[in-house]
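K.L.:
Those protein sequence lines, which keep their order, are chains G and V. The opening residue of the first sequence carries number 16 in the numbering used here; numbering runs sequentially from there. The opening residue of the second sequence carries number 38 in the numbering used here; numbering runs sequentially from there.
Calculated directly from the structure, the hints in this document are not laboratory data. Mixed in with the good hints, there may be bad ones.
[Unchecked claim] On the chain G side, residues computed to face chain V include the following (Cβ under 10 Å):
#, residue
1, Leu-163
2, Asp-283
3, Asp-285
[Claimed, not checked] Label pairs and their calculated CB-CB ranges:
#, chain 1, residue 1, chain 2, residue 2, range
4, G, Asn-96, V, Ala-125, 38 to 48 Å
5, G, Ala-103, V, Ile-39, 51 to 61 Å
6, V, Gly-162, G, Ala-143, 49 to 59 Å
Built from N, CA and C at the ideal position, the CB exists for glycine as well.
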Amino acid sequence: MIVRRLTLHDFRIHHSTEMEFSPKLNFIVGGNGQGKTSLIEAIYFLCTTKNYKGAPDTDLLRFGQPGYTVHGVFEDATENNVHIRFLADENRRIYIKDGKTVHRAADIIGAFPVVLLTPEDHALTQGAPADRRKFIDSVISQYSSVYLDNILEYAKVLKQRTFLLNRIKENPGRSLTAELDAFTEKMILTGSAVIRQRDEFLQEFKSFVEEVYQEIMREEESPSMHYQFLEGAAPESDISALFRQKIYARRDDEIRRGMNLTGPHRDDIDFGINGKSLKSFGSQGQHKTFQVALRFAQFFYLKQRSGKTPVFLLDDVFGELDAHRAGHISRYLRQVGQAIITMTDLSNYAYLREMNESRMFTVSAGTVTPA
Amino acid sequence: MIEEFSKFPGIGKKSAQRLAMYLFRSKDQDFQKFVDAVVALKRDLHSCQICYNITEKAICSICGSEKRDKSVICVVEEASDILHIERANEFRGVYHVLGGVLMPLKGIYKEELRIQELLERVKTGNVLEVILALNPDTEGDTTSLMLMKELERFPLKVTRLARGIPIGGDLEFSDDATIGRAMAGRITVK
Numbered sequence: 016m017i018v019r020r021l022t023l024h025d026f027r028i029h030h031s032t033e034m035e036f037s038p039k040l041n042f043i044v045g046g047n048g049q050g051k052t053s054l055i056e057a058i059y060f061l062c063t064t065k066n067y068k069g070a071p072d073t074d075l076l077r078f079g080q081p082g083y084t085v086h087g088v089f090e091d092a093t094e095n096n097v098h099i100r101f102l103a104d105e106n107r108r109i110y111i112k113d114g115k116t117v118h119r120a121a122d123i124i125g126a127f128p129v130v131l132l133t134p135e136d137h138a139l140t141q142g143a144p145a146d147r148r149k150f151i152d153s154v155i156s157q158y159s160s161v162y163l164d165n166i167l168e169y170a171k172v173l174k175q176r177t178f179l180l181n182r183i184k185e186n187p188g189r190s191l192t193a194e195l196d197a198f199t200e201k202m203i204l205t206g207s208a209v210i211r212q213r214d215e216f217l218q219e220f221k222s223f224v225e226e227v228y229q230e231i232m233r234e235e236e237s238p239s240m241h242y243q244f245l246e247g248a249a250p251e252s253d254i255s256a257l258f259r260q261k262i263y264a265r266r267d268d269e270i271r272r273g274m275n276l277t278g279p280h281r282d283d284i285d286f287g288i289n290g291k292s293l294k295s296f297g298s299q300g301q302h303k304t305f306q307v308a309l310r311f312a313q314f315f316y317l318k319q320r321s322g323k324t325p326v327f328l329l330d331d332v333f334g335e336l337d338a339h340r341a342g343h344i345s346r347y348l349r350q351v352g353q354a355i356i357t358m359t360d361l362s363n364y365a366y367l368r369e370m371n372e373s374r375m376f377t378v379s380a381g382t383v384t385p386a
Numbered sequence: 038m039i040e041e042f043s044k045f046p047g048i049g050k051k052s053a054q055r056l057a058m059y060l061f062r063s064k065d066q067d068f069q070k071f072v073d074a075v076v077a078l079k080r081d082l083h084s085c086q087i088c089y090n091i092t093e094k095a096i097c098s099i100c101g102s103e104k105r106d107k108s109v110i111c112v113v114e115e116a117s118d119i120l121h122i123e124r125a126n127e128f129r130g131v132y133h134v135l136g137g138v139l140m141p142l143k144g145i146y147k148e149e150l151r152i153q154e155l156l157e158r159v160k161t162g163n164v165l166e167v168i169l170a171l172n173p174d175t176e177g178d179t180t181s182l183m184l185m186k187e188l189e190r191f192p193l194k195v196t197r198l199a200r201g202i203p204i205g206g207d208l209e210f211s212d213d214a215t216i217g218r219a220m221a222g223r224i225t226v227k
């Protein structure tokens, strides 16, 4: 699948922008604050119904305007038109796919697979466990609506159960054991399904990361990843039984702290290089390489799962890679599908211009010009 | 009047206007019938003493019927759910209206629900099966789990509604999560 066209009206700094993309490489060059990232943001928005920065609609609206429109044309075997419209007066945003309003993100799952690599990806390996959970959740949710359903349900259980734990803490007199038991069982049921799906995913995903290291990054180093769940349980254990055992063992602690202390909301993934923990021993360069490898692995994984080639969005990441590696990655991307790449300055990458079927744009103060 | 109507569930401002205009233009006798029905709603209707269904008598027509099998109790969230199940004309047992589901965030706990009342009915020993027909959402599922535990000590069968592909619904038109769950909860036929 490719993005053929993008049209923006009063979105971020863009007053009226229209772009025709190449099915291969697209370079968008411009200084900071000129509107490069908003283009990436808009494409991601169309593909997922979500703003990856979590920005409210009023922030996306160009200052003082009544509303914004984002329109994209996707090409596959067929052509799909997607519109996102926001009207400030009604404070309402609508997502329209081929003339029909889409109400739930789950309804477009798998339709427009997309992979995004941004400078914020440093959080994948250097950030908190929550950043890594968010990563696996977003990858799995792009092809499995059952998984998406499960994590949403699990989040609801956590919310009710947290409230319940606090009620018990505040009113030791009232017996709410039956209620807590029920929410605990529901948490085990849904949580175990989440853990199993994450485990299955990571088992498969691991080999994609290894392959990316060897084939694309041409790295001598070998990556590894270990799924950490239920306080370091062995992967082959009976998940529900173990979950039940651990959660009941910590009940007093849970009530005292008014918090859910056991479950997949506390999962993490340990990344490693040559058998050593990346988090403890990795150099900046090793971290960067790992982050890029994760995104490439996501690309190939989604491609295999969904049968569609995702659009690859690379926001301002070439600056952090040396010219040699950036060139290698670009050539590789060109062979596999469409990529949209933003950069502040082209001087180091002048040779990229020479590649066939690539297109170049410059952005200045929200105005895009084909170069 | 328009304002009062627009407080109704599912009624917006425009529908409220239409309803109010309809009443205003209706014939006197039709209007009186409507008014009587509204008054009677609060005056004559109350909960059935056995199952908490809405009824005009002390005991609802389902609990009072000799044709209904009293050994099978179907547990539902609200009295309105009974209407949905009755429409299918498939169930010949009796009901028990729980009056909601567990929702700590909204202050609904076990005591707020008619669980004790259900256990009292079961304790008589005349009940052979309890069917849990709560909505298959987070809170409904959790409440079912609690009921299963509460009913554990009684020698009876506890079942819950099957979930999956709707009848007449093509696989093609079912959403992925539904198909996924139907697949997970598949039943053996051979």
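K.L.:
Against each hint, give a clear statement of whether it holds in the structure.
P.N.:
The hints, checked one at a time:
Evaluation of the G/Leu-163 hint against chain V yields a held restraint, the C-beta minimum of about 7 Å falling below 10 Å. The restraint placing G/Asp-283 at the interface with chain V is violated, with a minimum CB-CB distance near 25 Å, outside the 10 Å limit. Taking 10 Å as the C-beta contact cut-off toward chain V, the hint placing G/Asp-285 at the interface is violated, the least distance being around 29 Å. Range check, G/Asn-96 to V/Ala-125: Cβ separation about 41 Å, and the 38 to 48 Å hint holds.
For the pair G/Ala-103 and V/Ile-39, the beta carbons lie near 28 Å from each other, so the given range of 51 to 61 Å is not met. In this structure the hint that V/Gly-162 and G/Ala-143 lie 49 to 59 Å apart at CB holds, the actual value being about 56 Å.
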